[in-house]
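Undergrad: The lines below spell out each chain.
Protein chains: 2
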Amino acid sequence: MRTPFLLFLGDAREFGAAKTAGGIRQWRPEISIGQLRLPGCGVDLGIPDMTPAEAAAKGVATMVVGVVNIGGFIPPHWVASIIAALEAGLDVAAGMHQRLADIPEVAATARRLGRSIHDVRQPTRSFVPGSGVKRSGKRLLTVGIDCAVGKKYTALAIEKAMRARGLKADFRATGQTGILITGHGVAIDAVVADFISGAAEWLSPDNEPDHWDVIEGQGSLFHPAYAGVTLGLIHGSQPDALVICHEPIRTHLLGLDYPVPDLKTCIERNVEAARLTNPAARAVGISVNTSRMATDSIDDAIRRIEDETGLPCCDPIRHGAGRIVDYLMN
Amino acid sequence: MRTPFLLFLGDAREFGAAKTAGGIRQWRPEISIGQLRLPGCGVDLGIPDMTPAEAAAKGVATMVVGVVNIGGFIPPHWVASIIAALEAGLDVAAGMHQRLADIPEVAATARRLGRSIHDVRQPTRSFVPGSGVKRSGKRLLTVGIDCAVGKKYTALAIEKAMRARGLKADFRATGQTGILITGHGVAIDAVVADFISGAAEWLSPDNEPDHWDVIEGQGSLFHPAYAGVTLGLIHGSQPDALVICHEPIRTHLLGLDYPVPDLKTCIERNVEAARLTNPAARAVGISVNTSRMATDSIDDAIRRIEDETGLPCCDPIRHGAGRIVDYLMN
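Residue numbers (my numbering), protein chains in the order written: chain S, 1 to 330; chain D, 331 to 660.
Read the hints as simulated data drawn from the structure, not as lab findings.
Incorrect hints may have been included.
To be verified - Below, in silico cross-link-like pairs of lysine-lysine (BS3-like), each with a Cα-Cα straight-line distance of 30 Å or less:
(1) S:K264 / D:K498
(2) D:K464 / D:K498
(3) S:K264 / D:K594
(4) D:K594 / S:K134
Computed from a predicted model, the values in this text were never measured in an experiment.
Put together the whole structure using the sequences plus the hints.
TA: This is the structure we're talking about:
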């Protein structure tokens with residue numbers, strides 16, 4: 001995929017709905033040149049607003065549809081912006097279940113103008129069911145109390161902290177945003193259900209004994225829509241180490257009338273699930289998303305969680321993930 | 331799909347590998363006219379061997395590829411039989427992940443001769459993620475210690491026992507064999523991973539308060555390849571009642587170096603998972619597959635399981651499922 005990017009935010013009302021764009025902006029600022037927002041958009045990534053033509057003039061190569069929604073579809077009122085990007089000379093990438101390539105006008109325009117369209121959520125290869133056979137190398141997986149709680153950011157911060165300590169570590173993307181940030185991976189929620197754990201096994205193959213794959217988690221074991229993906233990903237990842245992603249002020253699953261699980265049960269059930277395919281699995285840290293918390297409440301919250309769980313606890317964006325990596329290595 | 335059927339067993343070595351054909355033969359004997367076996371086939375369903383031409387002469391309308399394998403592919407050496415069936419005037423149905431329609435010779439032959447090919451495992455509609463919103467009506471789901479332990483047979487036997495007692499009950503097929511037996515359903519392991527629970531919600535919609543959907547379970551929460559499908563199906567089904575399918579002499583998961591879970595843990599974890607979306611969920615019976623057990627050991631085994639679990643226990647093929655239905659209703 002050609003970089004740099006223009007990030008399309010559509011009419012996303014809040015940051016969560018633009019989390020693909022937000023993740024790219026956070027982790028790849030050097031390729032996040034501008035944002036394109038429709039009327040009604042309530043998100044600002046703090047980069048210049050541009051039309052596709054302005055972006056092309058600044059050297060942007062690809063417009064990324066950086067919005068997420070339940071079901072992963074492309075609403076009809078985004079199509080004009082996608083066509084405009086193609087006409088301005090940009091490629092277009094999206095990470096939805098619905099393919100850009102299946103929208104006739106988009107496909108026809110791209111073909112006519114010789115542009116590339118990238119549907120990064122679509123598997124580009126076939127998989128087989130998981131074998132459950134133990135692989136060499138070490139693996140860390142992030143899990144969480146809910147969706148959109150910080151599993152990807154935590155995994156990226158852990159990769160960074162591991163590399164800063166001279167460890168061999170690779171982030172393994174399991175969702176569209178991670179794939180757009182790093183250029184590779186498998187959107188595990190888009191594979192055929194029978195192959196969830198098989199795809200996770202493929203994503204994180206045998207490796208050197210001291211090499212860490214840091215695998216981005218998905219969903220939550222306690223989510224009525226996505227727990228199947230979560231469990232298959234846990235089994236296929238065969239994690240040695242689990243980091244539990246938490247937001248202390250979250251009381252209910254995002255957008256649902258379901259309470260979040262209590263942290264202790266969440267840790268226990270994730271570790272138990274992981275032990276099916278790796279009996280050595282253990283929890284090694286709690287990653288706390290403090291982005292919506294009052295600044296003066298954060299230290300207390302972290303101390304309380306450390307007391308409760310006996311595990312190191314930090315916000316990977318605010319503090320980095322060094323504390324968790326140091327605990328894991330000692 | 332036009333009936334009756336010729337059941338293609340390929341070169342299946344043992345019954346488990348021909349379980350689609352075996353299920354159709356068991357539950358729809360009136361449409362199971364003959365079997366077609368390749369050299370090396372070790373299975374006999376006790377119906378006449380026939381070539382496709384002989385089957386056509388006896389009024390058979392469709393050849394069903396009744397074999398299963400890991401990954402759900404169609405080996406090249408089956409293709410000649412499939413072409414022969416089309417040339418003899420039969421339609422062909424299969425329940426593999428790999429589509430008949432994607433095999434160029436098969437597709438071309440069917441087109442040339444005007445035959446229908448049915449890829450029953452392929453979803454024929456799109457789904458959305460599960461909502462987790464409670465639906466009206468009652469639901470029973472079969473779960474198990476492993477794959478291929480009797481979840482489909484148990485659900486079919488429970489539907490039969492419920493109807494015999496004048497209850498409103500419908501079997502809901504979630505796999506290719508169930509779909510071929512009943513003519514409808516969703517192969518839940520073939521939907522996009524994000525939509526497992528959403529597809530299960532769709533399969534078992536709102537219904538009358540005293541109506542039972544009897545939903546065929548898939549996989550096992552303790553299976554390293556398929557647990558994700560199992561968990562999503564549990565959450566989407568919102569079962570009021572769980573029947574746990576067991577084979578007392580099974581020590582390891584089929585074909586894997588993994589022990590089966592102990593029955594008590596298996597019951598507890600399945601009930602706990604079901605309570606996420608239906609707090610009233612409870613276990614109501616143990617279905618025991620005694621097909622490989624010594625006849626004089628069966629009664630003792632059943633008594634022991636009833637003592638251990640406090641739940642009614644029976645083999646639905648040997649005894650029917652009346653005991654479980656009576657317990658559920660009282």
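Undergrad: Now, for every hint given, state plainly whether the structure supports it.
TA: Okay, the hints, checked on the actual structure:
no., hint, verdict
1, S:K264 / D:K498, "violated (42 Å)"
2, D:K464 / D:K498, "holds (20 Å)"
3, S:K264 / D:K594, "holds (22 Å)"
4, D:K594 / S:K134, "holds (27 Å)"
When the structure is compared with the earlier hints, a violation turns up for hint 1 alone.
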